[in-house]
Structure formats: C-alpha cells, structure tokens
Amino acid sequence: DTGVSQNPRHKITKRGQNVTFRCDPISEHNRLYWYRQTLGQGPEFLTYFQNEAQLEKSRLLSDRFSAERPKGSFSTLEIQRTEQGDSAMYLCASSSQWSGGRGTQYFGPGTRLLVL
Amino acid sequence: TQLLEQSPQFLSIQEGENLTVYCNSSSVFSSLQWYRQEPGEGPVLLVTVVTGGEVKKLKRLTFQFGDARKDSSLHITAAQTGDTGLYLCAGARRDDKIIFGKGTRLHILP
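Chains as they are written, first to last, in my numbering: chain D, 1 to 116; chain E, 1001 to 1110.
What the hints contain is simulated information worked out from the structure, not anything from laboratory work. It is possible that part of the hints are untrue.
[Said to hold, decoys possible] Calculated pairs, DMTMM-like style, for lysine to aspartate or glutamate (alpha carbon to alpha carbon, straight line, at most 20 Å):
1) Lys-1102(E) / Asp-86(D)
2) Lys-1102(E) / Glu-52(D)
3) Lys-11(D) / Glu-1041(E)
4) Lys-1070(E) / Glu-1041(E)
5) Lys-1097(E) / Glu-83(D)
6) Lys-1057(E) / Asp-1071(E)
7) Lys-1097(E) / Glu-52(D)
8) Lys-1097(E) / Glu-56(D)
9) Lys-1097(E) / Asp-86(D)
10) Lys-14(D) / Glu-56(D)
11) Lys-1097(E) / Glu-68(D)
12) Lys-1102(E) / Glu-1015(E)
13) Lys-14(D) / Glu-83(D)
14) Lys-57(D) / Glu-1041(E)
15) Lys-11(D) / Glu-1038(E)
16) Lys-1059(E) / Glu-1017(E)
17) Lys-11(D) / Glu-83(D)
18) Lys-1059(E) / Glu-1015(E)
19) Lys-1057(E) / Asp-1083(E)
If we strip away everything but chain D, and leave its shape as in the complex, we get (with noise of 0.2 Å):
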C-alpha cells in the first residue's frame, strides 16, 4: 500500500496529557498537511511542510501544538497538555509540488482523538 499512513488510528487520552501522531506520506510526495475535523464540519487547516520546511501555520495551531518533519518524509504532530476541546479527527494529507498547479491533496485515514 502506498497511500498516506496515520498512526494510531485511534487515541484517548485524560485532559493534560501530552499525544503524538505520525503521518507517512506517499513516498514521491514532498508536501505534507495537517488538519484538524470536528463532527460535521470539513477539514480545517493547521499546518503544511514543503519538504522539511514548515511554511505555513494556521492560527487554529496553538503554542500547544508542534509539528515537525525532520527529514522530509514522515511528520509527527504533537499536542502538549492536552484539552476536551481537543477531541477531533486528525487528518494528514500530502501532494507534490510539482502537480502543475491542480494541487491534488491525497488523505491519510486520520487520528481520532478524544481527551477525556
């Protein structure tokens, strides 16, 4: 299988706690998403990597939130103390930068997340 990858696929944690998830993208992909999806809503942006960099982070990404992708490949994103408020679907998703502009996004089943 060489789509997008998440781990774990699901995680309950207490309010607090510190939580980290990791994406693997296609592997011929050097951008990586992450976004946020509560119940009924479409996915919000957080943050994206164009290889190692990240260039763009979304306020929605508080001081709580880290993400990082060392060397260009996989990306881990961190939430420290966390909060109910929290409680979502995190979605990954990775393109290529050279898709002549269609920007086609391919999607990682998610990390469902619920602080008690």
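Got chain D; can you put chain E on it based on the hints?
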C-alpha cells in the same frame, strides 16, 4: 477570507433517484477536488477538475467545473445505498493551499 459554500448540507433520498450537490465560491481556483468521506475514515479523492467548463464522469457520478472556475457541481444518477457519505469539495489556490467546504451529508435510503 475565501469560502466554499456547499449545498445542500444534508440530503436524504430514495435509492434510484438522481441528485445534484453544489459547491460555490466568489473566488477563482486553479483546480477543484471532490472527496467522499465515510465515518471514521479520511476523505477519499473522487476527481480533480482543472479547466473551466470541464466535465468528468466517474460511473454514475458527473462532475462539472464552472466556466469561471468559481463553482462546481456533482450529479449522481440512480443513487445507490453505497453512495451514502460526506461529500467534500475543496478548491486549490495558485499557492496550492486547499480551501474546504463543510460538506454535503448524503444518505441514500434502501
């Protein structure tokens, strides 16, 4: 702020009926994608349209990109229960940032 408005938000119809969902914006996009998402899963790409006026068909699904590249429609012919899901449209800006609509939740009744 660029917005993509999807309509209707919810649609429940009988199997065998036809339906159309819409995606509208005041902004021009370099391309537009349609995704389908099932509960607990990530969005799955259905189609990308790039050229104004472009029509693409995927079995019983017909996608059209508006001439001005500001809007799009998805038409499903003879809906089946397997078509049930959340349909998302997403517009790509020239910098490849994607703007998502809130989705149309489609429920096909047997």
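Now for the hints, and whether the structure bears them out:
no.	hint	in the structure
1	Lys-1102(E) / Asp-86(D)	holds (19 Å)
2	Lys-1102(E) / Glu-52(D)	violated (30 Å)
3	Lys-11(D) / Glu-1041(E)	holds (14 Å)
4	Lys-1070(E) / Glu-1041(E)	violated (28 Å)
5	Lys-1097(E) / Glu-83(D)	violated (28 Å)
6	Lys-1057(E) / Asp-1071(E)	holds (17 Å)
7	Lys-1097(E) / Glu-52(D)	holds (17 Å)
8	Lys-1097(E) / Glu-56(D)	holds (10 Å)
9	Lys-1097(E) / Asp-86(D)	violated (23 Å)
10	Lys-14(D) / Glu-56(D)	violated (29 Å)
11	Lys-1097(E) / Glu-68(D)	holds (19 Å)
12	Lys-1102(E) / Glu-1015(E)	violated (24 Å)
13	Lys-14(D) / Glu-83(D)	holds (8 Å)
14	Lys-57(D) / Glu-1041(E)	violated (24 Å)
15	Lys-11(D) / Glu-1038(E)	holds (19 Å)
16	Lys-1059(E) / Glu-1017(E)	holds (15 Å)
17	Lys-11(D) / Glu-83(D)	holds (14 Å)
18	Lys-1059(E) / Glu-1015(E)	holds (16 Å)
19	Lys-1057(E) / Asp-1083(E)	holds (15 Å)
In terms of the numbered hints stated before, the structure departs from hints 2, 4, 5, 9, 10, 12, 14, listed from lowest to highest.
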